[in-house]
Every structure is written in C-alpha cells, then in structure tokens.
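Chemist: Sequence:
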Amino acid sequence: MRGGAEMTCRTPLAALLAASLLSLVPTGCILRPRAADKAAAAAPLPKEIRNATDDSVLLLVSGGEGLMGLPNQPKRVTLKPFYMDRTEVTNAQYAKFLAAVAKQGDDAWRHPDQPTSKKTHEPAFWTHEHLGSSKANCPVVGVDWFDAYAYAKWADKRLPTEAEWERAARGTDGRIYPWGAEPPEKGFTFRANFYGTHLGADGFPFTAPVGSFPLGASPVGCLDMAGNATEWCADWFAPPPAETRLVNPTGPAQGTARVTKGGGWNLGADSLRSFNRWPLEPLGRVSNVGFRCAKDIPAESPAPPAN
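72 is the number that the numbering used here gives to position 22 of the sequence shown; each next residue is one higher, with no gaps.
One or more of the hints may lead you astray.
What the hints assert, rightly or not - Calculated pairs, EDC-like style, for lysine to aspartate or glutamate (alpha carbon to alpha carbon, straight line, at most 16 Å):
{"no.": "1", "residue 1": "K146", "residue 2": "E98"}
{"no.": "2", "residue 1": "K125", "residue 2": "D223"}
{"no.": "3", "residue 1": "K130", "residue 2": "D320"}
{"no.": "4", "residue 1": "K203", "residue 2": "D346"}
{"no.": "5", "residue 1": "K125", "residue 2": "E115"}
{"no.": "6", "residue 1": "K203", "residue 2": "D163"}
{"no.": "7", "residue 1": "K97", "residue 2": "D346"}
{"no.": "8", "residue 1": "K345", "residue 2": "E172"}
{"no.": "9", "residue 1": "K345", "residue 2": "D105"}
{"no.": "10", "residue 1": "K236", "residue 2": "D346"}
{"no.": "11", "residue 1": "K153", "residue 2": "E172"}
{"no.": "12", "residue 1": "K203", "residue 2": "D105"}
{"no.": "13", "residue 1": "K203", "residue 2": "D157"}
{"no.": "14", "residue 1": "K169", "residue 2": "D157"}
{"no.": "15", "residue 1": "K203", "residue 2": "D223"}
{"no.": "16", "residue 1": "K168", "residue 2": "D157"}
{"no.": "17", "residue 1": "K146", "residue 2": "D163"}
{"no.": "18", "residue 1": "K345", "residue 2": "E98"}
{"no.": "19", "residue 1": "K125", "residue 2": "E293"}
{"no.": "20", "residue 1": "K146", "residue 2": "D206"}
Keep in mind the hints are simulated off the structure, nothing from the lab. None of these values were measured; they are calculated from a predicted model.
Based on the provided sequences and hints, a complete structural model is requested.
Modeler: Structure follows, in structure tokens:
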C-alpha cells in the first residue's frame with residue numbers, strides 16, 4: 051500500500067491445511083462423531099461389578115451432595131462416585147489373601163508405615179471356635195488397620211474414607227440407620243446383628259454370615275453396615291471439621307487413631323447409628339472389628355458386571 055504502512059497477510063499453515071481438508075467434504079455434509087464414540091461417552095456405569103481377585107461384588111455409589119455427621123450438626127458433603135463392597139470381607143476371602151502373603155510376602159501391599167518387626171497379617175481370632183477361619187462366610191474380625199489396608203491393596207481396592215462409608219450406609223438424606231429411622235429390632239424383626247435384649251437375641255451370639263439381614267440394606271444395597279462387624283475407614287480420627295460444606299474429604303493428614311464405624315455384634319442398638327464413629331489405634335485388633343473395601347471408578351472401562 052503506497053503512502054502508508056505496508057499491510058501483510060499471513061495465513062497460518064494449520065489453517066490452510068484445515069481449509070484444504072474441508073474442501074474435500076461434499077457441500078451439505080455435516081461431520082458428526084462416530085456412533086460408537088457417542089455410545090461409549092453416554093454408557094452408564096454398571097450398578098454392580100465383580101472383583102476377580104477376591105470374588106467380591108461392589109455396588110455403585112453415585113456422586114453428588116448428601117448429608118453427613120450428627121443430625122444436629124450436619125455437613126453437606128459432595129463426593130465423586132465410587133464402588134463399595136456389598137458385604138464385609140469374609141474369613142474365606144481373607145484366607146486367600148493370607149495364602150498370597152505366605153507365597154510371596156506382603157512387600158507389594160503393605161502400608162509404608164506398617165511396623166516391620168514380627169508383624170503378620172493373621173487375625174487375632176483366626177483359630178477362635180466362633181470367630182475364626184472355620185466360619186468361612188462370616189466377616190473377618192481381629193484385624194488391624196494395616197491388615198485391612200494390605201488386603202485392600204492386594205485385591206486392587208482400597209479402604210473407604212469416612213465420608214464414603216457414610217454415603218454408602220446412609221445415602222444422601224442423612225438417615226439414622228442404613229434402612230431408615232425404625233429401630234433395629236421392631237416387632238421381633240431384626241435388621242442387624244447386635245446385642246439386643248440379650249446377646250444372641252437376633253439368632254447369632256457371635257458374628258453372622260454376611261448378608262443375613264437383608265432388611266437392613268442401605269439405600270444402595272450394601273449389607274451389614276450396621277452391626278456384625280465394626281469397620282475400619284481410611285481416615286485418621288479427629289473431631290469433625292468446622293466447615294459445613296466439604297468436597298471429597300479424606301480426614302486429617304496425621305493422627306494416632308483411625309476411624310471405625312458401623313457398630314458390632316456385641317454392641318447395643320445405639321452403636322448402629324450410621325453417624326457414630328470410634329477411634330482405634332492402627333495396630334488394634336478387636337473381636338468385633340473388620341472391614342469392607344471401596345474402589346475408584348475405572349478410568350478407562352468399567353469392570354465386568356456381576357452375575
């Protein structure tokens with residue numbers, strides 16, 4: 051351009067290539083994603099999956115906001131979706147883990163803070179007549195937090211956070227018990243294995259086979275989240291945070307005790323309330339404490355559905 055600034059126009063190479071490719075598309079055609087891609091993106095997560103290592107069934111717990119904590123001090127907690135074991139880990143499942151440890155050690159699964167001196171993963175009551183390995187379908191008890199952590203890692207799962215545990219037990223409405231608000235023993239119909247009018251009133255003086263109380267199922271279908279075995283969580287124990295809104299909370303970074311929840315076979319009805327929580331030092335092995343596992347949503351494709 052004379053008498054003024056020179057104007058130049060440079061079209062980026064990428065734009066030229068894009069224009070060239072578009073010129074090959076017949077006029078009137080609309081480029082759409084492949085049907086398979088759209089179907090994959092819209093595919094819902096399966097409600098149940100089966101874990102091949104320990105043959106457990108896990109149930110989908112949807113994400114979103116829900117209530118957690120004491121009824122008079124509720125927290126609004128937002129969680130991402132995850133899977134939760136339908137039942138507590140049984141003696142039979144735990145025996146498979148012990149066999150794997152006996153064969154190759156626990157180096158691949160142990161927590162970095164696990165004591166190394168004379169530490170085994172055999173439960174404290176493994177040979178007990180009523181609580182031990184002979185009760186194959188009853189929940190394993192007498193395991194410490196490091197035992198539960200190592201088992202979960204061996205099974206390609208993990209321990210649930212306290213918030214995840216409550217969500218799987220209570221759903222989003224902040225109910226008192228997994229099944230709602232009715233007492234656990236109403237009309238001589240038991241919804242949990244616990245110390246009722248007397249030990250064994252529910253038909254089981256010790257632990258019960260997992261899933262023995264289907265009327266006590268949680269909103270997502272998890273069983274025995276009240277009674278039978280108290281359950282380890284991943285979190286360190288501390289007073290509830292002051293915040294009233296939380297997103298995927300995992301508890302404090304350190305502590306001296308871990309969270310346990312869910313009541314137990316030898317505890318009273320009050321222990322069954324889903325917001326209850328108790329501290330237990332990580333090496334504690336108690337006759338009513340077991341665990342269940344959680345699993346993250348697979349990043350690529352969901353695990354095979356349960357049969």
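Chemist: All the hints need checking, so say for each whether the structure fits it.
Modeler: Taking the hints in turn, this is what the structure says about them:
1. K146 with E98: Cα-Cα ~22 Å, so violated.
2. K125 with D223: Roughly 11 Å separates the two Cα atoms, so the pair holds.
3. K130 with D320: violated (30 Å)
4. K203 with D346: holds (12 Å)
5. K125 with E115: Given pair K125, E115 holds - Cα atoms ~10 Å apart, limit 16 Å.
6. K203 with D163: Since the Cα atoms of K203 and D163 sit roughly 14 Å apart, the hinted pair holds (cutoff 16 Å).
7. K97 with D346: holds (14 Å)
8. K345 with E172: violated (24 Å)
9. K345 with D105: holds (14 Å)
10. K236 with D346: Measuring from Cα to Cα gives roughly 36 Å; hence the hint is violated.
11. K153 with E172: holds (14 Å)
12. K203 with D105: Status holds; Cα separation ~14 Å.
13. K203 with D157: At roughly 11 Å apart (the allowed maximum being 16 Å), D157 and K203 satisfy the hint.
14. K169 with D157: OK: K169 and D157 at ~12 Å, within 16 Å.
15. K203 with D223: violated (31 Å)
16. K168 with D157: holds (14 Å)
17. K146 with D163: violated (23 Å)
18. K345 with E98: Status holds; Cα separation ~12 Å.
19. K125 with E293: holds (8 Å)
20. K146 with D206: holds (14 Å)
Consistency with the previously given hints fails for numbers 1, 3, 8, 10, 15, 17, ordered from lowest to highest.
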